[in-house]
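Peer 1: One-letter residues, chain by chain:
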Amino acid sequence: MIRWLWIITLWFLAACNEREMQAPLATAVANNITEQATALPEALADHIKTNFSQWHVVEKNDYSKTWWSFYDSSYNPCWARTDINDDQLADYALWLKKDNQLRLVICTGTASHSFANYTVNDLNVPFNEKEHNLAAGIAVAPPAQIDVAYPRIQSLILKSNGFALMELEERTRIYYWENGNLQTFYTK
Amino acid sequence: MKKKKTIRLHRLLIALLLFTHCTTSKQDNTVTDIDGYEYRTITIGKQIWMAENLRVTRYRNGDTIPNITDTTAWSTCTSGAYCNYNNDASHSTGYGRLYNWHAINDSRKIAPAGWHIPTDEEIASLEAWLENNPAAAGKINTNGLGGYRFGSGGTYHTMGFNGYWWSASRSFEMYDWSPRLFTGFVDVQRNKEAVTYGLAVRCIKD
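Sequence lines, in order, name chains Y and A. Those letters in the first sequence? Residues 1 to 188, by full-length UniProt numbering. Those letters in the second sequence? Residues 1 to 206, by full-length UniProt numbering.
Hints are supplied without guarantee of correctness; some may be wrong.
Said to hold, decoys possible - So, partial list: chain Y residues that the calculated Cβ filter (under 7 Å) puts toward chain A: (1) D83; (2) N85; (3) V140; (4) P142; (5) Q145; (6) D147; (7) K159; (8) S160.
Claimed, not checked - Covered by chain Y, according to a simulated footprint, are these stretches of chain A (three or more residues, beta-carbon under 8 Å): (9) 118–129; (10) 154–166.
Just so you know, the hints here were simulated from the structure itself, not pulled from any lab data. These numbers were taken from a predicted model, which means no experiment stands behind them. From the three backbone atoms N, C-alpha and C, an ideal C-beta is built for every residue, glycine too.
Bound conformation, chain Y alone:
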């Protein structure tokens, strides 16, 4: 009888220990979820459909072999997401294509779950859908001091996030928000 009592007790203690060891693991698994946007939100997809009829977001296979010789395939150069105007709403920069036309659009989020558009007009990036020759991507430019020597010595103190235009490995422009408007900083 006494022997059984002790066996059951030891079994309880062992089980109890196991549970203690499993608890932090369970927390770790729950914390492992890194929420990085991998798809455009539906509201933005609808917004593009409405405001840029017949235009579509470019795809990774629109990019040239040369492009992918510079970058890992996990990098998505087709669009980028961050907050450029410190309103704590997601803003997006996207390459849109229609036939062989290409357009860079920056959509800033609004409090009403909609977007405001800014089309970048001073770009001339070659694009031929059949040739898969796209060689310019978009990336997030986090806050930093950006110093440029050419074409002239200049600095940008980027306090909020911006979007960087990448022409192959070269960051040639920064699109950022200042004084209520989208601004461009030329780094080439």
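Position chain A relative to chain Y; hints supplied.
Peer 2: Frame of chain Y; chain A shown alone:
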């Protein structure tokens, strides 16, 4: 009669054993600061980190850390200070508070007893660990991306998208678009003006 007594004695011993086991073996997964704010902790590799940004308003000895809301006062401050993002205290619940370098470097210590501001070596170790375990980035950036306060001008930026924390001599940062850990946005050894930046704090266990 004697047998019954023996059984009773064994029952008592077992009850005592179970009681002491349950009260001493419970793992402590939280840490409490001098203000009474409790923080969850997480194990990353071999390090134990706070899972939330620091909210404390007093040094370890009980001295008050001033809350500076004024932009000029923040930019010119030469002693320890903290602020809430956009001077809105409600943000401190989710993202903690932002501290200048003087508060980090103060000998009265900002970290709870038994904890410290991570050293650059500990950050390097975390960086290496995250490179091999990118899925674990969420352990750091969940409730961590509380933005920063710009040193010169005292303006607030990037809440919800970027997280900046003090290490012993510079910053380490994470962005919502990457599982990687970056360093050097603010470096007080290279740039003396960086001491007025307001960044968050994650402490690591001694």
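Peer 1: Now, for every hint given, state plainly whether the structure supports it.
Peer 2: Results for each hint:
1. D83: This hint holds: D83 of chain Y lies near chain A, its Cβ roughly 5 Å from the closest one there, short of 7 Å.
2. N85: Hint on N85 of chain Y: violated, closest Cβ of chain A at ~10 Å, above 7 Å.
3. V140: At 5 Å from the nearest chain A Cβ, V140 of chain Y passes the 7 Å test, so the hint holds.
4. P142: holds (6 Å)
5. Q145: Status violated, d = 9 Å.
6. D147: Where the cut-off is 7 Å and the nearest Cβ of chain A is about 13 Å from D147 of chain Y, the hint is violated.
7. K159: Hint holds; K159 of chain Y Cβ to chain A Cβ min 5 Å, cut 7 Å.
8. S160: holds (5 Å)
9. 118–129: violated (count 0)
10. 154–166: Contact hint for the stretch 154–166 of chain A vs chain Y: holds, 8 residues under 8 Å.
Consistency note: the structure conflicts with the earlier hints numbered 2, 5, 6 and 9.
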